[in-house]
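J.: Given next are the chains, with one letter for each unit.
Number of protein chains: 2
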Amino acid sequence: MTHLTIALDMMGGDNGPPVTIEAAVLAVKEYSHLHLILCGDSDIIRHGLESYSDLPEKRLEILHTEQKVEMDERPSSALRNKQDSSMRRVLELVEQGRADACVSAGNTGALLTMAYYVLKTLPGIDRPALISSLPTSGRQKVYLLDLGANVNCDSEILFQYAVMGSVMAEEVEGISKPRVGLLNVGEEQIKGNDQVKHTAQILSSVPGINYIGYVEGNDIFTGKADVVVTDGFVGNIALKACEGLGKLILNEVKRVSGKNLLTRMMARLALPILRKIYARVNPDQYNGASLIGLRGIVVKSHGNASSEALLYAIKEAMHEVDRQVPTKIKHKIETLLMERP
Amino acid sequence: MTHLTIALDMMGGDNGPPVTIEAAVLAVKEYSHLHLILCGDSDIIRHGLESYSDLPEKRLEILHTEQKVEMDERPSSALRNKQDSSMRRVLELVEQGRADACVSAGNTGALLTMAYYVLKTLPGIDRPALISSLPTSGRQKVYLLDLGANVNCDSEILFQYAVMGSVMAEEVEGISKPRVGLLNVGEEQIKGNDQVKHTAQILSSVPGINYIGYVEGNDIFTGKADVVVTDGFVGNIALKACEGLGKLILNEVKRVSGKNLLTRMMARLALPILRKIYARVNPDQYNGASLIGLRGIVVKSHGNASSEALLYAIKEAMHEVDRQVPTKIKHKIETLLMERP
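Protein chains in written order, with the numbering used here: chain V, 1 to 341; chain A, 1 to 341.
Think about it this way: if two alpha-carbon atoms lie no more than 30 angstroms apart in a straight line, the pair counts; the simulated BS3-like pairs of lysine-lysine are: (1) Lys-177(V) <-> Lys-247(A); (2) Lys-197(A) <-> Lys-191(V); (3) Lys-254(A) <-> Lys-254(V); (4) Lys-141(A) <-> Lys-247(V); (5) Lys-254(A) <-> Lys-247(V); (6) Lys-315(V) <-> Lys-247(V); (7) Lys-247(V) <-> Lys-177(A).
Simulated restraints on C-beta separations: (8) Asn-304(V) <-> Pro-18(A): 47 to 53 angstroms; (9) His-64(V) <-> Asn-251(A): 47 to 53 angstroms; (10) Gln-201(A) <-> Asn-304(V): 28 to 34 angstroms; (11) Asn-81(V) <-> Glu-187(A): 20 to 26 angstroms; (12) Lys-197(V) <-> Glu-156(A): 20 to 26 angstroms; (13) Gly-138(A) <-> Glu-57(V): 50 to 56 angstroms.
Keep in mind the hints are simulated off the structure, nothing from the lab.
The beta carbon of each residue, even a glycine, is placed where N, CA and C say it ideally should be.
Given only the sequences and the hints, what does the whole structure look like? Please build it.
T.: Below, the structure is given as structure tokens:
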């Protein structure tokens with residue numbers, strides 16, 4: 001297998017280096033062709049690595065940076081003032097071609113802003129999108145985008161999102177002719193706001209996209225579509241509302257467990273199953289969201305992620321490198337722009 | 001207690017008269033001061049009532065209508081062509097002051113369109129909203145609006161929604177100075193689209209609203225706010241996404257129950273609890289959503305509702321009559337419009 005290089009933001013995330021270091025070690029031990037560039041405070045990283053034995057040191061390159069982007073820092077301030085940060089460095093390594101992809105568990109807003117500035121968007125793409133896969137009751141996952149990269153999207157941007165989501169589903173998930181749905185308040189043609197109606201017109205006119213029409217909020221989880229497209233405002237709120245509901249259900253089960261012996265027993269038995277299901281339906285916890293539409297691969301792991309979750313994000317990045325997602329998006333959008341009437 | 005009259009759309013809902021008749025009977029038996037006007041096909045209603053004994057017939061008035069609005073009928077067609085429908089009649093009874101409120105489990109879009117046409121909005125209110133209460137992990141419920149009455153809302157309309165939600169929380173739920181949050185993709189001032197930012201400015205300038213700032217999707221269920229305001233596009237999608245997730249979790253538990261003896265046992269024990277919780281977090285199933293901002297009280301029960309759920313919607317309507325919700329909204333908006341700079 002050919003060599004593959006990923007730049008890892010070691011300072012990002014709520015839990016910082018202890019978690020990022022463990023994830024890095026797990027990753028290089030699992031994949032012998034993986035080379036990691038660990039960006040961050042070199043003393044901390046070196047010290048952290050000392051507690052592991054049998055490390056393939058040649059595949060764990062450390063790149064020192066003086067700064068780190070704080071989790072609550074304003075994106076504009078991070079962009080201006082954190083030019084020697086671990087987050088900035090991993091993006092620059094991708095831009096310079098020294099890394100095939102980068103992964104960060106840091107501040108999402110700062111990562112979005114910096115990635116857009118450092119990597120720029122692909123030709124034909126106006127704005128990057130944050131995309132993640134979610135479970136469905138069907139056999140396959142569904143890709144939902146945008147999860148919050150852009151809160152003001154016109155129909156042209158939504159069209160580009162449909163193209164990008166389609167490429168992700170086809171290349172990463174291996175779905176042939178992925179069914180693309182547009183998130184709306186009803187399935188009828190007359191429903192929705194102007195932005196959605198206009199996007200539907202564009203998508204219907206392009207044979208290269210398998211557009212299946214409007215889908216409703218509940219359809220996200222039914223497997224009706226392989227890709228669900230919406231703007232970052234709606235996508236972010238829908239995803240977070242689901243996260244909130246998941247937590248509420250867990251809390252409710254805990255609450256009833258105090259009531260009487262029977263419910264207590266039942267709830268205690270139910271909790272492990274529920275936690276497992278919650279982890280599966282809460283992509284933030286187990287998965288990385290990808291920032292797509294850029295001239296490089298950027299995977300965002302949840303700030304509160306464990307080393308296993310961060311490892312998952314590294315695997316996601318490796319998979320996108322393998323499938324050459326940015327190149328595929330570039331080709332697809334070029335082809336479709338020629339198809340459009 | 002004073003006499004209270006509610007007009008009930010007997011033909012609405014997926015299950016039709018058998019369910020609406022049972023709900024009507026349950027309601028008049030539970031509340032001796034309740035008078036119901038049953039609108040619909042008088043033969044069917046009379047025949048349906050025959051299977052019940054000891055009915056307070058004087059409090060069950062039947063009003064014959066020739067037509068019914070179909071569940072999949074286009075709202076514009078229902079408005080034009082169904083002037084002698086049970087749905088239209090219940091709204092007219094409210095408009096004429098013959099009923100204090102009306103309840104329908106029929107086609108939501110048609111009900112919205114007809115109610116807006118027949119009842120008109122209150123002075124100071126441009127558009128009605130669909131509102132419902134949801135459970136939280138806190139002690140109190142949260143009111144979420146708009147759930148889909150208007151997909152294009154400017155900041156003026158969102159301000160009016162904040163006022164209406166505040167009145168509902170105060171009058172119906174009994175919360176003093178309800179905390180009003182504006183749904184957004186982040187809590188920071190700089191987040192969000194222009195519409196949300198402008199609404200935040202308006203809400204911050206009005207002392208009569210206890211505006212607590214932006215809340216995120218997951219905050220809907222945490223009890224952080226008593227009222228969460230958003231436009232009908234976002235509210236509808238967020239609510240339905242939660243409904244979809246709830247169903248997915250139920251299905252997942254059923255699925256794992258086939259795996260081995262232990263998970264099967266655990267899942268079977270967990271299912272009843274989960275179903276109960278799902279019913280609690282799925283407002284469509286147990287509750288009525290109210291159409292507010294009109295010169296009259298309109299409660300919408302879920303189309304697939306059972307007689308118990310429809311009874312719940314009737315109680316909700318009775319409660320809103322008791323608290324004089326439309327009058328309170330009218331006074332509140334008048335006061336606040338004077339407060340505004």
